[in-house]
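Dock chain to chain to rebuild the complex, using the hints, since each chain is given by itself in its own frame.
Line by line, the protein sequences give chains A and R.
Residue 103 in UniProt numbering sits at position 103 of the first sequence, and the numbers go up by one each step.
Residue 199 in UniProt numbering sits at position 199 of the second sequence, and the numbers go up by one each step.
One should not assume that every hint holds.
Simulated restraints on C-beta separations [as the list claims (entries may be wrong)]:
#1 A:138 - R:154: 39 to 49 Å
#2 A:50 - R:83: 27 to 37 Å
#3 A:10 - R:58: 24 to 34 Å
#4 R:65 - A:99: 50 to 60 Å
#5 A:25 - R:297: 54 to 64 Å
#6 R:65 - A:25: 58 to 68 Å
Everything labelled a hint here was simulated from the structure, so no lab data went into it.
None of these values were measured; they are calculated from a predicted model.
Backbone N, C-alpha and C fix where the C-beta goes; we use that ideal spot for every residue, glycine too.
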Amino acid sequence: MAGKTTEQTLAELYEETGEQHLAVTLTFNKVPQTILVPSRTLASDAIRHYLRKTGTHVGCEHGVCGACTILLNGEPVRSCLLLAASLHGQDVTTVEGLADPDGTLHPVQQAFVECHGLQCGFCTPGFVTTIAAYLEKNDSPTRAEATEAISGNLCRCTGYQNIKAAVLRAAEIRRERAGLSPLGGDDELAALSLDDKVRGNTAPVGGKGDRT
Amino acid sequence: MKPSALTYHRPESIAAVCDVLARLGHEAKVLAGGQSLIPMLSMRLAAPANLIDINMLPEQDGISIDRHGVTFRALVRHSALLADDDAHQAQPLLRRALQLVAHPTIRNRGTTVGSIVHSDPAAEMPAVLGLLGGTVRAQSQRGIREIAATDFFLGPLECGLAEDEIAVAVTVPRRAPNEGSAIDEIARRHGDYAVAGVAAQVRIVDGVLSTATACYVSAGELGTPMDFTEVLRGVDPADADDSRWNAAGDLARDTIETETDIHASSSYRSQLVAALTARVLHEAARDALRNAAARTQRPDGDAEPRADSGAEPREDSDTEPREDSDTEPRPDSGAVSQSADDSASASNATGRSGTTGGTR
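Extracted from the complex, chain R is given alone in its bound form (with noise of 0.2 Å):
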């Protein structure tokens, strides 16, 4: 359990990281958090002849939030991008996702962008980013480039980077006022990797269901969304007891391929599936619903939610909010209707959907 002999490299610039890379190519890995790689060297699943460490360089860690989303930096902790209250408000899905990843022990070293990288089917920032439809920048010698998630995981372990390129940063699209969120998994001991997992967006429109997406964890292609549209098009969000729901659960067995290994096998995490995926949905449905009604409950509605919500990461537990929006989604919806009509915010969401391509 030690990792074979290698030749350490520490850059000094990322242009000098460039430079070693398009030196030695595959025989190189970029080292970040490491909690993924340093694993994989030491049970020598993965012996590169060369490390490049990148932690000295500090411009290389910084989390953005612009108009278009949120842009965390290859040198970002987990712990770090999970404790960022702008970033939680731009786009919600990021903080929920990421109480899910390892244990915060693990989170305090791991980086978001290198979980990318590495593109395990099991780990749930793929998912979130496919489901997304958010961008890698990646750079080299050539240039810089950025690469959509539908083109960048091209398979287990695999990602669209080329042998030359390290990727210094991914941006995820900002929530919309209408779109709503969740996730959810399940895993034999909270942090760690999930039997099976979903995370889910979607969109309303008049108060019912318009579009509605869900990417897996431990299941079906990495990072890549799947379309529920069909079944849940006009359900109202509020309504737990539509069969509809249930149907997309059922849909979703009969699509999303499972794999049978040693924690479970695959008709479990294909029950798994269906059950998450109605949960799921449903649960961003009401997440929409809360998007909407906190955004028109405020004079200036289009910044940003409610003063209170810097305080949320509880409120995102696992139990409460199930709990909370039992009592919210009815009387709300009237308001949802009219966030709606209001041309701004529609407007809003049309140019969304464009930059949102990825997750159809």
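If we strip away everything but chain A, and leave its shape as in the complex, we get (with noise of 0.2 Å):
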């Protein structure tokens, strides 16, 4: 593209293909990006086939099922009833953007891995992007609480018990990363009782949802 200004390309395309392009301009995990795409590209295939991450899956493609599930500005959204222009100037986590740079898994992926909430993985990235969003709102969720959060999720699998248990597990290692007692700051008791070298690091799960 040396030497062309992005309106003369935008221009070149409209000829080529005979419909409208657009420049859309996006802080995507955290990077500037620029993509030239038809306008009418939804944001799932936007990111998939132009930014070049195909961890946002795309299951129906109406809205139902959420696996392709982004942060937009840090809330969940679906990405395929977005159109990609919608992005422009906006902040976009995928399932790629979660982790830290050093690797380290974000507390929803570390709670997949432990409850085994991956299961086939399809439904997986629009499932981590929600709870993570969930977590920050709330982040001592009761069980029937996690059931709510993740309702608007579907797996075909119907293995929403283990995801059901990733989120509450997902919110121990939040707390614990913060140093806080992994069942809760408003439980001395049990804070007190925890020993280390019993529970090793794979706690039961569930623990605040059972007690409330």
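Okay, structure coming up:
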């Protein structure tokens, strides 16, 4: 594209294809990016085909299944129900953008590993992004709240039990990493009684949910 | 499952939006949240040649509350309206209904005004607007006009906006001291489109029901309330055993038209309509009792309800209000008639019935 302005390129694309193209500039997994896409492109397709990150899965493509869920300015949204054009100027995080730069898994990813929340894995990116955003708002969900949090996502393995457990476990991991009692700051007795040698690092999940 | 080719517009002022609409008319669709529009484009049920994205117009976002009611602008997401405690206090039916609108992830993007403009008979918010008798503010190059809910819903997926108009805001009336409301629905999965749903509003005077209306989701005529005042006038809101609740349900089953589709037969829908009507009207009546009681318990009665009501979302969830209200109504009914005798609240109620003419 040497020497050509974006406008020239867009005009050429219009000549070639007969349809309007747009330049979409966004912050994608913390990196500024610009893509040139036909204006009808769905955000899910832009992420997979133009930004070349295929962690975002396309399932039903009409907002029912949740496999394509991404974080738009930190809020979970369906990328199949957005146009790529709507990402212009926005901050977008996909499942690839959740882990730390040093490779440490996001608490939700770690919890999915520990609780076997992945199963076949197709729905996983949507669940992980949905739960990651949910725990930012509610850092110690009950079992019922964990169920509600994932109610918009479908798993065709019907494996919700492990995923639900992963929500609760992810909350524990977040607390552990923050140096708090994994069972929650309100439970000092439980915190005192915790013995790392007995408990290991794969605690029984759902502790808080069962108590409330 | 991809949209057909289209031209995308991103105007930077509402005047520019109106210019494009005036120029392109029915060849253009306004894009706000897109949670209903984009799937229609993807399935090619709709193929507008132009999309006008209004997401870059920050002045189109905002919720305001005054003595008339709650006004939410075109870019207010369901999730923002749901989380707004002031809006909840002014008109609690908004939050109760929004909790039933799709899933949280959809509510993060979808707009309440957009849902109303989309006029889907399976959606909750058109029913709420029709029930409460709200208004839609439409803007075009020709100016601004208010459209009453009764004139707004023309039919399934067809609203009263002219082709050069954009809906910039919706206003729903404040809840009056003697009013109560409720909404419930049956869906295959919580958050999915309802197989059938009912929103109801009642008024109580001297401790008994004086008016009752209900509006239906996935049944009956879009956004058009049905009047149950004849059947329910004089019913004690606390009396769950009164046979007139079921009579109201029977009346609804015999009156409300239901359709068969792949999810449910017409006769099953009609059974849901009957059961939900009785249940939701009764719940609305108990809500009116609680509303009246909460106001009379406070010295500055006409101001706002209890301070703790900001923490209400969980109390509002499906099971709890019924449980706690079961113990409540009887002792309160004395207080209710007091509040209705109070001339200030009575005149307030009269003034309101004028503004909510849409609910009849």
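Now for the hints, and whether the structure bears them out:
no., hint, in the structure
1, A:138 - R:154: 39 to 49 Å, "41 Å, holds"
2, A:50 - R:83: 27 to 37 Å, "34 Å, holds"
3, A:10 - R:58: 24 to 34 Å, "26 Å, holds"
4, R:65 - A:99: 50 to 60 Å, "43 Å, violated"
5, A:25 - R:297: 54 to 64 Å, "56 Å, holds"
6, R:65 - A:25: 58 to 68 Å, "37 Å, violated"
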